[in-house]
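Chain by chain, the residues run as shown.
Protein chains: 2
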Amino acid sequence: MASRFVNENLIGKPGSRAAIATPALVIDLDAFERNIATMAEHCRRNGLSLRPHAKTHKSAAIAKAQLAAGAIGQCCAKLGEAEAMGEGGIESIVITSPVVTAQGIARLMALNAKISDLIVAVDNPENARALDAAARAAGKPLKVLADLDPGLHRTGAQPGEAVLALGEFAHKAQGLTLRGLQCYAGHVMHIEAFADRREQSLVAMKLLGETRDAFRARGLPTDIVSGGGTGSFDIDPEAKVLTELQGGSYVFMDKQYNDVHGGNGATMPFATSLFVQMSVVSNNTKGLATTDAGFKAFSTDAEPPVLAAGAPEGAKYFFFGDEQGGIALPGGGSLPLGAQLTAVTPHCDPTVNLYDCYHVVRGDTLIDIWPIEARGKSA
Amino acid sequence: MASRFVNENLIGKPGSRAAIATPALVIDLDAFERNIATMAEHCRRNGLSLRPHAKTHKSAAIAKAQLAAGAIGQCCAKLGEAEAMGEGGIESIVITSPVVTAQGIARLMALNAKISDLIVAVDNPENARALDAAARAAGKPLKVLADLDPGLHRTGAQPGEAVLALGEFAHKAQGLTLRGLQCYAGHVMHIEAFADRREQSLVAMKLLGETRDAFRARGLPTDIVSGGGTGSFDIDPEAKVLTELQGGSYVFMDKQYNDVHGGNGATMPFATSLFVQMSVVSNNTKGLATTDAGFKAFSTDAEPPVLAAGAPEGAKYFFFGDEQGGIALPGGGSLPLGAQLTAVTPHCDPTVNLYDCYHVVRGDTLIDIWPIEARGKSA
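Chains as they are written, first to last, in the numbering used here: chain V, 1132 to 1510; chain P, 1132 to 1510.
Bear in mind the hints are in silico, worked out from the structure with no lab data behind them.
Here the structure is a predicted model, which means the values were calculated and not measured.
Think of the CB as a built atom: it goes at the ideal place given N, C-alpha and C, for glycine as much as any other residue.
Hints may be right or wrong, so weigh each one.
What the hints assert, rightly or not - Some chain P residues close to chain V (C-beta under 10 Å, calculated; not the full set): (1) 1232; (2) 1234; (3) 1261; (4) 1302; (5) 1430; (6) 1508; (7) 1510.
If we strip away everything but chain V, and leave its shape as in the complex, we get (with noise of 0.2 Å):
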């Protein structure tokens, strides 16, 4: 695991966040800790449980944080985050995406052969007859859950009578396990203003809602009803559909949710823990600094990174490239060599998906180093 590491003689030992080797990807631990406790804290008053997903940090140690504060277990949006997850020491895990090749689904046995609680979402008769046939040559029911297309046609299968039929195949599987349903409408998670959000947010969970309500009218198990996001937190609640929530972003994060706002008027009630700091490698011409942080260090599916600390005031970031990024500074002001600035990033889960670690720092004090093992594990 250490030759992972950016930065390897920091382990464990306490420095300074200004000596971290750069592009780096920073935790505000004060932040952090808030974000996790004020989710958690949230579904509690609201009697939902927390399944935080683990598709937008990829890390054991994260993950055993948001299970201290009261979480069930992960969702991982992949075999392969859910296989680093559980030798991490995850127990209970929902794969919110189908596993339908050979190896994924002998994959897929494997995992659950080794940890307690899997679950898999499906949303294809072919592809429910083929765990079930694998599950019962394992010698092992696999856990699953019927999964609905809310409108957005990414996955799922459709409502009416095929997610009735998925579901009392998968009840009567002597292979599977029926858990109950997932629905993720990850289509309304962004949008900006509260009122067409909540709007969004309830047309996807009256659906759901009909939908649980027909499987248990056949008799159909809906002990579990997994979905919403960061984006739908507070709205989901007064719908009373859901028993778990799938948020993920709310640890961290970023511009596109900084954007969104809360349904007071008022921002979300979360704050930015995770920012990309970076250093001035360049800076021969007035009015600009050249930074070592490019299409390499952020995503690059939203809008541009937001610089936070350490620039100057109506300081501007820009992409310059792979390997850097251009600082544009009003009135020719330049930086020295050396300076350490940092970003909130544009779009948290394909950012972290670009680095090994988190440099987890309380205030200027670096004090630990996270591994993100499920990393690049998209397979």
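Chain V is fixed; fit chain P onto it per the hints.
Below, chain P without anything else, positioned relative to chain V:
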């Protein structure tokens, strides 16, 4: 090392390409070998040394394939990349970006002690003084190139007195060995029309030639004049300024470089050898299939991936979030669960940086897995 492989059980065992865990980065070995031979022959014919850029491939296996075909060493964009290449047995490395932080300079001295021919670009007298002091303290001179800004203002000393003063300092400094100049015109490489690209490349080469002549007039060494790239490989030779070419992307090609026209009005003489292989994981909606490759499987700084093998005529890939891709299928078509598709990467360098290994295929046979040792080594 083995734990970093996506697919450990295939290491060294030939197998079917269809059994690769997806999403996976796949090298078509036939095209890859032709690209390496074509560029090596081009440089030999033009009396130019070839120093390919490891920022593209980040793999010691590929560096060694390039060396075996006649390359004189490697370029690395970052110190961490150079450390990984040094660890992988590469002895001649130019680090093409400045190394300025105290901890970076300490690591640079450690690497200089380990490999025989480390050379680093420097663009600032303050940085040159720090490198000189560190190399004197370490007891082994550090080889440097004076980096010239071609007008992009990303890195490089300004033409004229600034770069000459930098060269004179480096030449006199006891801890430094000035080897010559570097100039990389990153802004011209992707200009699609050959005539425009040629014109702008030659502007940068003229500036570099004048600087080289001024260096010679002052008795400064110009044994190495390093620069150029895949986009200017067939333009730079006519300028007769470079001693070595820094091309990187030519080994793989990508959508961006496939859109660049060659000097004869035709395409470039390099074939696409790098693909992302993905699997259909959901297909419940007519005219649509969902694959397991999204923002974490492709870089998103350029246009979307272009479907290659396995896709029906007219099918188009679109990003469908962090974890998935959508395949829009004409005429309401469908694809079976588990169907394998491949896509040309939008931009090879940051896509490679998402994966831990290459799956190397000849035709449909998986014949090897190569680790990407410098993946994520941006610090």
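Going down the list of hints, with the structure as the test:
1. 1232: holds, 5 Å
2. 1234: With a closest approach of 6 Å, the residue 1234 of chain P hint holds.
3. 1261: Interface hint status for residue 1261 of chain P: holds (9 Å vs cutoff 10 Å).
4. 1302: violated, 19 Å
5. 1430: Holds, because the Cβ-Cβ distance from residue 1430 of chain P to chain V comes to roughly 7 Å (cut-off 10 Å).
6. 1508: holds, 8 Å
7. 1510: holds, 4 Å
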